[in-house]
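Generate coordinates for the entire structure from the input sequences, incorporating the hints supplied.
2 protein chains.
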Amino acid sequence: MIDNPHYAQVTQGDFKLHDLGDLLLESGETLRGAKLAYRTLGRLNAEKSNAVLVTTWFSGTGKVMQDVYVGAGHALDPERYFIVIVDQLGGGVSSSPQNTPAPQAMAKFPRLSIGDDVQAQHRLLVDRFAIERLALVVGGSMGGQQVYEWAVRYPEMVERAAPIAATARISPHQRVFVDALKEAITSDPRWNGGWYASGLDVRDGMDRMARIVAVLGWSPQFYAEERWRSVLGMTSLDDFINGVMKAYFEPMDPNVLLSEMHKWQRADVSRHTGGDLAKALARISARTMIMPISHDQFFPPEECEADCALVPGALLRVIRSPEGHMGLNGFEPGYMAQVDRHLNALLAT
Amino acid sequence: MIDNPHYAQVTQGDFKLHDLGDLLLESGETLRGAKLAYRTLGRLNAEKSNAVLVTTWFSGTGKVMQDVYVGAGHALDPERYFIVIVDQLGGGVSSSPQNTPAPQAMAKFPRLSIGDDVQAQHRLLVDRFAIERLALVVGGSMGGQQVYEWAVRYPEMVERAAPIAATARISPHQRVFVDALKEAITSDPRWNGGWYASGLDVRDGMDRMARIVAVLGWSPQFYAEERWRSVLGMTSLDDFINGVMKAYFEPMDPNVLLSEMHKWQRADVSRHTGGDLAKALARISARTMIMPISHDQFFPPEECEADCALVPGALLRVIRSPEGHMGLNGFEPGYMAQVDRHLNALLAT
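In order, the protein sequences belong to chains U and G.
Reminder that position 133 of the first sequence reads as 133 in the numbering used here, one-by-one numbering, no gaps.
Reminder that position 181 of the second sequence reads as 181 in the numbering used here, one-by-one numbering, no gaps.
In case anyone wonders, no lab produced these hints; they're calculated from the structure.
Ideal Cβ placement from N, Cα and C applies to all residues, glycine included.
Mixed in with the good hints there might be a few duds.
Said to hold, decoys possible - The calculated DSS-like cross-link candidates involving lysine-lysine, where the alpha carbons are at most 25 Å apart (straight line), are:
1. Lys16/G / Lys63/G
2. Lys246/G / Lys63/G
3. Lys246/G / Lys182/U
4. Lys182/G / Lys246/G
5. Lys182/U / Lys182/G
6. Lys108/U / Lys182/U
7. Lys16/G / Lys48/G
8. Lys246/U / Lys182/G
9. Lys182/U / Lys246/U
As the list claims (entries may be wrong) - Residues from chain U shown here face chain G by an in silico Cβ test under 10 Å; the list is partial:
10. Gln174
11. Gly205
12. Asp207
13. Pro220
14. Gln221
15. Tyr223
Said to hold, decoys possible - Chain G regions said to be covered by chain U (calculated; three or more residues, Cβ under 8 Å):
16. 177 to 187
17. 209 to 215
18. 219 to 229
Below you can see the structure in the form of structure tokens.
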């Protein structure tokens, strides 16, 4: 176990851990003493009709969702909704490679799936809060993969679903991309098969991964217009690569990122229906609003549109953000205004 | 020096070496005893009006241009044209890191620019063949970067220009991408600062590079439709990554690829005009046909279209190939038919 302050309350703010006990995973393994990190904002009403579940993306935690997506003035307003933000399993804050004791520590941490996350979140909502219906499940990127999993797996429980910058099934192109990210880390000799004293030992591999993320994470237009200058305040392309991309990942744990990548690469709701995506998405009864980002190279709008055609009654709302996938972080002025407008419209139905 | 059979006649077929003597480079360095590899097909007519120059791309050599783009039935028909195919400097066949003696061998091989290539090619054409006008300069990718350099630098000499899947100035996005490729090789401890006994020693880094090339070299549609199966005859995605991507690069020399990447990242005709791209492209007097590939993620069609708007009288002809940039290799049935049709139209003017 590694005591990494990046995943502690000093960095992540106030969160709670829900004890899941021994969690039987899709892989057949059991994660012993599993804990799901969550935070709540607002109050659950008497009818328990105002619960909103917010999920997290690759490398992101509950804190960024709280800071960027939730609050007064946003659609996800704690004055109106009881908002439950969950940290994905393996993401560093919930049970993860670096915070799980032997014999499941570090490289021996079990491989997870998006389905395991949704199962764990379901238990939190039912066991801890006795919630039977969710007014909305919303999340971006890997968080959006969890939204699709929720809507397909528990259709009766999900009133509304809003996957942002995500698809219901990972594309082969993205699997190839994530393989390149994984290899950047695992090829660092100091990663040492997942056994290291500190994530900082694996800095070389993490830096290489950060550079590859930069290739698809931001759009060609972001680079052409030097938006790292106008939007992020960096002074040169190198300054951006070092001061934003490498700096962002540096405090994180390599095995955590690898654990998340394993899930990311395998997200696919059609595994519930023998590989038939249309059949899986036809199960969805939630009012679904699918929100691709205009310049996204991870989950291109046309792939999201193809999902939309398979979800009964789904609406497509493309969020314009020249940043590309990383626009999810809300850097772009006007990004959250678009998200809020669409979510307000969805919540009003 | 390394005797790598990949760059010898046993692999590359019949080529000649033109002795350039000491070549003063744009960087200020001098490449001593520089040699330019070339092959010719067809006959130069009495008026010397039928010369066509064909350039090469990253990792590609004169042989692939000869095999795929030139021959009876193609626009580049040796029955009609005197076709000079040149191997780029640093590309393994012309003077390159692995075939240049000390003190400029291996890691000490000078850094080159696209301008150095064009200077060397100009000397070959003038000194060896006394050619004063080129009926056409054509090439793809880095070969297309050389086409732009020719048209801007020697406008009076270039009657027609056909850059395929290339832009006149490298995009910042592509610079970031190529940095990731370079780092994949240079982070391999066995690359050893450029000093290795055999390129095969650097197999790990080369394999990593091959995987990253796969991310942008082929289109998302190529992966979604499993075109590695229908077009390339591979049996699985892993089979494709290993049997096509890694296998393709494995016989090559790591320093050669790094030398080419250095040029690729810096290709920019606007360095002739103080950074003013419009001014540089306005110099072109050649009849120019700009041919992006529809699904290209290296040189996206919209970037080529922006160049087209700056070249006087240029025509844009988008070549449809769902493969993406790698479509250049002519795997796609119908790819060469499109190229030939457009080149025939250009040559008829």
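*Broken hints, numbered, in rising order?*
none
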